[in-house]
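Colleague: Protein chains in written order, with our numbering: chain G, 1 to 497; chain H, 1001 to 1343; chain R, 2001 to 2341.
Don't read these hints as lab results, they were simulated from the structure. Beta carbons: idealized from backbone N, C-alpha and C, even for Gly. Be a bit skeptical, because a hint or two may be false.
[Unchecked claim] Chain G stretches covered by chain R per the calculated footprint, using a threshold of three residues with CB under 8 Å from any CB of chain R:
| # | segment |
| --- | --- |
| 1 | 320-327 |
| 2 | 337-343 |
| 3 | 357-363 |
| 4 | 444-454 |
[Said to hold, decoys possible] Residues of chain R placed beyond 12 Å of chain G at every Cβ, according to the derived structure:
| # | residue |
| --- | --- |
| 5 | A2025 |
| 6 | C2030 |
| 7 | V2032 |
| 8 | T2040 |
| 9 | T2103 |
| 10 | P2122 |
| 11 | V2206 |
| 12 | I2243 |
| 13 | I2264 |
| 14 | V2289 |
| 15 | G2299 |
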Amino acid sequence: MDLAMPKLELRNIEKSFPGVKALGNVNFSVKKGTVHVLCGENGAGKSTLMKIINGIYQPDKGQILIDGEEVKINNPIEARKNGISMIFQELNYIPEITIEQSMFLGNEPTNKFGKIDWKKIRSETLRLLQQENLNYNPTTQLKDLTISDIQMLEILKAVSYGSDIIIMDEPTSAITRNEVEILFGKIAELKAKGVSIIYISHKMEEIFRIADEITVLRDGVMIDTKPTHELTIDKVIALMVGREMSNIYPKEEVAIGETILEIKNLTNRPTFSDVNFHIRKGEIVGFAGLMGAGRSEVARAIFGLDEFSSGQIFIKGKEVKINKVTDSINHGMVMLSEDRKRYGIIGVRGVRENVALSKLEKFIYKGRLHTKDENAIVAEICKRMNVKTPSLETSIDSLSGGNQQKVMLARWMLCDPEILILDEPTRGIDVGAKYEIYKLITELAEEERSIIMISSELPELIGMCDRIYVMAGGKITGELETHEFTQENIMKLATKG
Amino acid sequence: MKSIKKLMAVMMSAMLALSLSVGCAPTNQTSAGGEAPKAAAEDSKPAEEGQKTYRIAYIARAQSDSFAAWLANAVKDEVAAKYKDVTVDIFDGESKNEVIASHIENAVTNKYDCILLQPYDSEAQVAPAMEAMDAGVQVVTVNNRINDNDRAGAIDADPVEQAAKNAELALSQIPQNGKVVVLMGPAGNMHSDKRRIGWQQGFFDKRPDVKILDEQIANWNKDEAMRFMEDWIQTYGEIDAIISMNDNMAVGALEAAKAAGMTNILSYGVDGTAEACLAIEAGEMTSTTLQSAYALAEEAVKLAYEMMTGKGERRTVLVDCPLITKENAKEYIELHKKAGNLK
Amino acid sequence: MNSKELNKWWSKASSKYSIYIVLVAMFVVCSVISPVFLSTKNITNISRQISITTIIAFGETLLIICGLIDLSAGSVLALSGVLSVAAYKMTGSMQIAVLVGITVGVFCNAINGMLVTKFKTPPFIATLAMQTAARGAALLYTNGQNIYQIGEYKALGQNSIGIIPIPVIFMIGTTMITWYILNHTKFGRHLYAVGGSEEAARASGVNNNRTKMTAYLINGLFVGIAGVLFMSRVNAGLPNGGIGAEFEAMTSAIIGGTSFSGGIGTAMGTLAGAFIMGFVNNIMNLVGVQSYMQQIVKGIIIALAVVYDIRSKNKRDKKKQGNINDKLTDADGKNKALAAR
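Kindly generate the complete structure, drawing on both the sequences and the hints.
Modeller: Written as structure tokens, this is what we have:
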């Protein structure tokens, strides 16, 4: 075989989802026996690309070549036949089954009567374990193993299928430092055997330890591919975030008042610990960080949705106890959840009921809920939020994402909050609606309300915030003032640790 | 597992709480006993020294059926009153053939001397009963029989006769070209079907002039019978007689008739329940035949005792089913008072 | 209005008011089939016959809207009924008797509610346990025998005020209570919210457990009232009364548009559903349909109601498909859904 020929090559791959171009003209190749790291911001198109390689999605255009021959991959089973295996970030496994059962799950050897050949399974499992120098008992149940063990078994499975291209999606996000070392040892072994590895990660140190080549994706476009020795951490970050800032953020200067909310040493191990921050009147404070950094978890704890083990919450200088959501609402603090479908809308009910839900008291007097008043006030607030709906009785799940989000904002505005926690307020909504939401946020700040904005879109935070906290690994790793706002600074803090 | 245990503990305590609140109420506790329907297997009282104690397993059709419950209580009282060397344990068949079969099997394993069985189905209980007899356990059936070619002892009242006695009375009471409605027990129920045969032979075959307006299944239930009767009154207006396969339904239909102002309607039932006796005495209901749990219990325990001790052979006894009318209703009301069914 | 608009209006109206259209259609058809159907007496009869089931159906409606269920209604009806009868026989006071009936109903449902909220038992299992236990308690108390000679206790179930039977007055009362709860109280809104999406309700400041508990307690009130009316109507204390009553009640609720997937249902819909079932039962008796045939007809009606419920749910889901784009743009940032496959 020609050594110069890449093991896997993608040519001119394009992929669109209704309304969104996820990947455009991506060229990407992996050499035999190397580790190729793929990096990019959340939403840059990494996962889509990997899913195309693994057969979960089909590209709209372009070719996939393995060993120089074009292949069609219609599903993960075909991918496996072509020697491709993927180890997912969130491992899915059945806790009750044993190692040997899991090794051959869905692929059990049978005798001619269709009976499962357990003897063969046992001997094959033992052979594989021995071959890879792993010291497990084949009858151990998966629930008794650590995440790292299960990851190892996934790799073992991939090897047992004869895979020579293994995709690893953020494999170190849930394992300890020691376990990372074991994983890297394994990767070196695989490399030596000629296996190609596509490795997705945010963690710069890691990337520079193991990568032979690095490819950066941004907004669905391949920015650059270079051998590792030609790059530095700063260069990679610059490539990742290097998009032009446009003035789509209708930010206005607002006089900032005294501190209204202060959080001291908020801890709930292992998700977050020693979180300290404050926010002032009329201020928009951003929370940046990568997925799993603990931002949403902190917000949920403050809002009373989740419990926390220790720490204090002060509102207007007085310590408050928040055990449930109503406590929070009564203190003038509300939260727009990142997962609107799950923690926001009551899908089958109408717009009116959805808006009024958290502040029904407003319409109750003389022992009765007055729907007429409710209708009038909800209509007014929906108008202000620019909600587009055929009627106030239309069930909310028939509205578009942007309108649903505006209805959720309307729900909280009805409570007349002083503090708004907005968790990914523009996720999953189109550009036009995004702008409307930015405008609303600005207006809210002008009304001396304080806003905590959690977002994974850095330009949005930079464009909207007065101050940004960055979190990584459940801790606040830094606080940035306006003049320090650069994507490079944020990414540096977000990839710390 | 833990949560299941927790749940069970809670349910047990809830039931305990309920039964305590029930137990405290100072009513209805009669000699018929306040025992839980499902008897613990070993609540036997110690027998006198040196004497053999005979053990009877009484398997009731269903303890939730009011006649079956009365019969079970009667058997228990009978044993307690007359047989010092006999103990009886009560098992609930829950109206399920498979449950009854397993009770029979368990009784054999537990070495009972006799199984007193109130069959639910004449065929389904044959095989387990045969096995029990093969294993040397005496079997006596009561209040229904099984098709075992007269191998087990049998105490029964004849359901055809129960109905026929009423039918005979009706022959002279129901007017020429009379209009009647018929209320049946659950579909396929042996007693309901046999009683219907009794009415057919004893009345309908002899009186072709009488018109059956409608015939419906009210499942032995008072409320269902009421509903049917209300609708019938609307549709047919005039109805001369209610012919019901048991007293509950007859009284229910009568309730609806009374509400509609039909005071001289004839109504016939079977069972001789306390409520029916009262209605007959009050001149509202026409007649019923008594299926006496006491008579059945007395004969059944007697036969079981003879067979266990070897003093007697198996036999079939049909207990009398007296007709109850206005003339003799008082007598049976007294009987019910004695039984604690009336206060 | 041109014909297109008219069509649109009709399709909207017919889906929103379909149950009432069916009700009116049935009413007309029944009147044609049987001359006695329309008589005042017959209509009063139907109302009285459905009243007890309907009262229970309102309890089930509240529960099903909230994503709960009560399988114990029939058994609790019997228990509260016989204990109420016993209380009457002891004291001779109807007030005390009614109070006892209601208390027992509420007590049993407090246990249901506690099992569901505190111990997180699935409502199906919790109330199934109560079904068995309450029936057992009713049989135990009465020793399996009916209680007779209950005197003036029967007045409540059998008498009328004017031409309106007392149980029907109770039915109207509970209809109004249910309607008021669902339309004009915070608790009613919370029922819909919890049934629609438990997590979203919690994140909106709804106390889910309190909502569920209250739903069970009100159900208990209704079942207790139904128990007293039932025993009073049959003029006896029947420990075996009301077997399967919960299913008849649920049937009324489901026919009336209450959705088993939660978050949807109205008081008037349930009342209409109960009347539809009442008409069906009544007309079949009026024209003398044979017993077994009646069961088949009722089965078909229930199946149709459920099919309708599922079809309208699918319609809603299809509407949701319109928003699938959002989900897909999300997909990259948070690929849980697909990775889970």
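Colleague: A separate judgement is required for each hint: does it hold in the structure or not?
Modeller: Status of the hints after comparison with the structure:
Only residues whose C-beta sits within less than 8 Å of a C-beta in chain R count toward coverage, and the segment 320-327 of chain G has 3 of them, enough to reach three; the restraint holds. Judged by the Cβ-Cβ criterion of 8 Å, the segment 337-343 of chain G is covered by chain R as claimed, because 3 of its residues qualify and three suffice. Remark: the segment 357-363 of chain G is confirmed as covered by chain R, as 4 of its residues place a Cβ nearer than 8 Å to a Cβ of that chain, reaching the required three. Only residues whose C-beta sits within less than 8 Å of a C-beta in chain R count toward coverage, and the segment 444-454 of chain G has 0 of them, not enough to reach three; the restraint is violated.
Under the 12 Å C-beta cut-off, the non-interface status given to A2025/R relative to chain G holds; the minimum distance is some 25 Å. Annotated as non-interface, C2030/R keeps its C-beta farther than 12 Å from every C-beta of chain G; the closest such distance is 33 Å. Annotated as non-interface, V2032/R keeps its C-beta farther than 12 Å from every C-beta of chain G; the closest such distance is 36 Å. Distance check on T2040/R: its Cβ is at least 35 Å (rounded) from any Cβ of chain G, clearing the 12 Å threshold; non-interface status holds.
Residue placement check: T2103/R keeps its beta carbon more than 12 Å from all beta carbons of chain G (closest about 25 Å). The beta carbon of P2122/R is kept farther than 12 Å from every beta carbon of chain G, the shortest such distance being approximately 21 Å. Non-interface status of V2206/R relative to chain G is broken: a Cβ of that chain comes within 12 Å, the nearest being about 7 Å off. Residue-level check passed: I2243/R sits 33 Å from the nearest beta carbon of chain G, beyond 12 Å.
Not every CB of chain G is more than 12 Å from the CB of I2264/R (nearest about 6 Å), against its label as outside the interface. Look at V2289/R: its CB is around 37 Å from the nearest CB on chain G, clear of 12 Å, so calling it non-interface holds up. The claim that G2299/R is not at the interface with chain G holds, since no C-beta of that chain comes within 12 Å of its own (minimum 28 Å).
Violation of the numbered hints given earlier is confined to hints 4, 11 and 13; the remaining hints are satisfied by the structure.
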